[in-house]
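Residues per chain, in single letters:
There are 2 protein chains.
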Amino acid sequence: MALLVKKFGGTSVGSIDRIEAVADLVVRSKQQGHQIVVVVSAMSGETNRLINLAKQIDATPSSRELDVLLTTGEQVSVALLAMAIIKRGHSAISLLADQAGIMTDNLFGKARIQMIPPKRLNQELEQGRIVILAGFQGRDIEGNITTLGRGGTDTTAVEVAAAIGADECQIYTDVNGVYTTDPRVEPKAKRMDYVTFEEMLELASLGAKVLQIRSVEAAGKHNLPLRVLSSFEPDHGTLISYEENPMNSKVVSGIAFSKDEVLIKVHNLDNTPEQLAELLEVFSDNNIEIDMISNFSCKGDKVGYALTVHEVDSQLAEKLIKQNLTTLNADSVTVNETVAKISVVGIGMKSNAGVAGALFRALANENINVQLISTSEIKVSVLVDEKYLELGVRALHSAFSLDQ
Amino acid sequence: MALLVKKFGGTSVGSIDRIEAVADLVVRSKQQGHQIVVVVSAMSGETNRLINLAKQIDATPSSRELDVLLTTGEQVSVALLAMAIIKRGHSAISLLADQAGIMTDNLFGKARIQMIPPKRLNQELEQGRIVILAGFQGRDIEGNITTLGRGGTDTTAVEVAAAIGADECQIYTDVNGVYTTDPRVEPKAKRMDYVTFEEMLELASLGAKVLQIRSVEAAGKHNLPLRVLSSFEPDHGTLISYEENPMNSKVVSGIAFSKDEVLIKVHNLDNTPEQLAELLEVFSDNNIEIDMISNFSCKGDKVGYALTVHEVDSQLAEKLIKQNLTTLNADSVTVNETVAKISVVGIGMKSNAGVAGALFRALANENINVQLISTSEIKVSVLVDEKYLELGVRALHSAFSLDQ
Chain A
1 MALLVKKFGG TSVGSIDRIE AVADLVVRSK QQGHQIVVVV SAMSGETNRL INLAKQIDAT
61 PSSRELDVLL TTGEQVSVAL LAMAIIKRGH SAISLLADQA GIMTDNLFGK ARIQMIPPKR
121 LNQELEQGRI VILAGFQGRD IEGNITTLGR GGTDTTAVEV AAAIGADECQ IYTDVNGVYT
181 TDPRVEPKAK RMDYVTFEEM LELASLGAKV LQIRSVEAAG KHNLPLRVLS SFEPDHGTLI
241 SYEENPMNSK VVSGIAFSKD EVLIKVHNLD NTPEQLAELL EVFSDNNIEI DMISNFSCKG
301 DKVGYALTVH EVDSQLAEKL IKQNLTTLNA DSVTVNETVA KISVVGIGMK SNAGVAGALF
361 RALANENINV QLISTSEIKV SVLVDEKYLE LGVRALHSAF SLDQ
Chain B
1 MALLVKKFGG TSVGSIDRIE AVADLVVRSK QQGHQIVVVV SAMSGETNRL INLAKQIDAT
61 PSSRELDVLL TTGEQVSVAL LAMAIIKRGH SAISLLADQA GIMTDNLFGK ARIQMIPPKR
121 LNQELEQGRI VILAGFQGRD IEGNITTLGR GGTDTTAVEV AAAIGADECQ IYTDVNGVYT
181 TDPRVEPKAK RMDYVTFEEM LELASLGAKV LQIRSVEAAG KHNLPLRVLS SFEPDHGTLI
241 SYEENPMNSK VVSGIAFSKD EVLIKVHNLD NTPEQLAELL EVFSDNNIEI DMISNFSCKG
301 DKVGYALTVH EVDSQLAEKL IKQNLTTLNA DSVTVNETVA KISVVGIGMK SNAGVAGALF
361 RALANENINV QLISTSEIKV SVLVDEKYLE LGVRALHSAF SLDQ
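These protein sequence lines map, in sequence, to chains A and B. Every letter in the first sequence is one number past the one before it in UniProt numbering, and letter 159, counting from 1, is 159. Every letter in the second sequence is one number past the one before it in UniProt numbering, and letter 365, counting from 1, is 365.
Hints are computed from structural coordinates only; laboratory data are not their basis. All clues given are correct.
For identical chains, the list gives no copy identity; a pair is met inside one copy or between any two copies.
Listed below are the simulated DSSO-like cross-link pairs for lysine-lysine, each with C-alpha atoms no more than 27 angstroms apart in a straight line: (1) Lys30 / Lys55; (2) Lys87 / Lys110; (3) Lys55 / Lys87.
All chains should be built: construct the whole structure from the sequences, respecting the hints.
Here's what the structure looks like:
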């Protein structure tokens, strides 16, 4: 007897057969006595089809009109899913953004939700209806159609769940939950039953792409339990909440990794705070985010800095540093693209100091050299040669007993 | 410097190339100084694609949800056309039914427009924008999406033109106007420059399928000049208004025809008004419309009735009469499906009595027997054997000098 928001992505409603399967799933949950709001994406492939039509007309189409175009994808999905549920003898109604009252700012293509008045949704639920809500879309104060950008349907689901005070927001996807690491790298990876918001944020930002980081942040802010589960196989999935799993005695919960970082080394600077500040300003003035950073000794009393940036920024970063070598009093810059970052994440680290030690021991046993290290309260990240990525992940997965 | 509403059907926006061509056409008109509202249909094939998706889920899908689904077709068209015009450096904005304020009743799939407040449209026009309005769709008072049914985009165009006081409503299609008859039957058919509403209603209802009869009626009611023209070749098309063409001295303007009628004869009834009333009630009680009707003598003082119904009703009509033969005091019914109706139409007939005579003479010259005849102020229709249809149309087209 819970109030549930269920979100289905494009793959989950990617064909008429899949829509029928989702209808079955929703009806079963309704028959268990739950009140249900379903939030859906466009059928997989549809958004790309529409973007392709727009690009044929204009490589940079009007952003207002692109949003008018793209929102048709979700409109098709909600209508078809509502039909499928109604055919099964249950009362259902599709609602678009303006019908549900989803108000956003006017940043077309990346709008932010400003308000969801719960009135209309509650009215429909009180009449026993299953509400099928179009994800990804909103209206600005002038009635223009907006879209929420990447992961927008997740955002809609979380914000709607918060607005109506749902007991749980369930994100249905094509995997059955969040894993201790990517099973394609470590086949012994285990599905986690529970993970905390703090852990999930570190895992998501580090490359576990099951959930959009914005949605996890929003759910955490609203203290809204979030569940990731499969729309293809019935199972309880992974529950993300502020509760730590009482059964879990493990210090590390999961291992994330990324190949998107590039290591940049700047050599032979004066060892003064001003020199470091000037170096960092070169990046911040050009909106280049630095992830990891540390210093190393050079000849004499000179110092060098090793830092990582996202690979899309690395060429610009290298060019900028070369232009500023004189100003920086540095003599050279080197770039290494064949690096990878591995991060071990766990809420248990807060009260356990031995993680870094165990991590280095495990990597040393495999002769994997660590080039950079950064830590937070619940995370330790290391930068290694890219060729050792899979070996390193498997070594750490085993060292922290995640396969048990 | 006119205020124009331009309507483009599915074929006219059926591909990216066609949308680009429509954008060129609209921009040319704007550059001539006109204020323009464009009303568009879904790209050709799109509505059928969507209906097919719905039918895969439910042979009789929820009518509310079907309208939610189908209106995405027009939404795609308006966004793409607006993009194409904006790319050309002109200011344009797409509007959906709720944004323009198109209010209908709640008869999903065949809603009627109740109100179009001109405020928003006028605001956009005053700012120099080309307005691209989604045809075929509306909203009911509760904010549900509705569609207007067949020919709905024409209806939107005419009602919007009336609401904003447009100088002309221009219906762009794949032919360059209204012809004196179907050029596939008579290659000498000429495009009419002018035709009156009264004539167009007779021509439309008799099978000239260029315009939906509802739109012609609505334009006539609002005294709104309607122009039919080609979106493929620049030309002035056919203007439909209350003005008669001062250059036109012809009594007959056009010749329409239909193969959809079936001749039903009921034999040997008593020659009393009650018998005729009872016969007609058999049809009206079952919503079967009778088009032409006349009586003929039978043996003794008995009488028979010859009448025509649409072919979709003919089997039911035959069955009903057979069931009622005893009540009607009739002895038999015969059905002839191989008949065709030819109608000559012209506002000039009002002041000219010789049309029927000339018509019979022309048909007699070709040995075409007339089985039924009906007349109105501006029309004479005859029923002939279907095999004489083309010959009859050509004979009359020549007899009334329509090829000159």
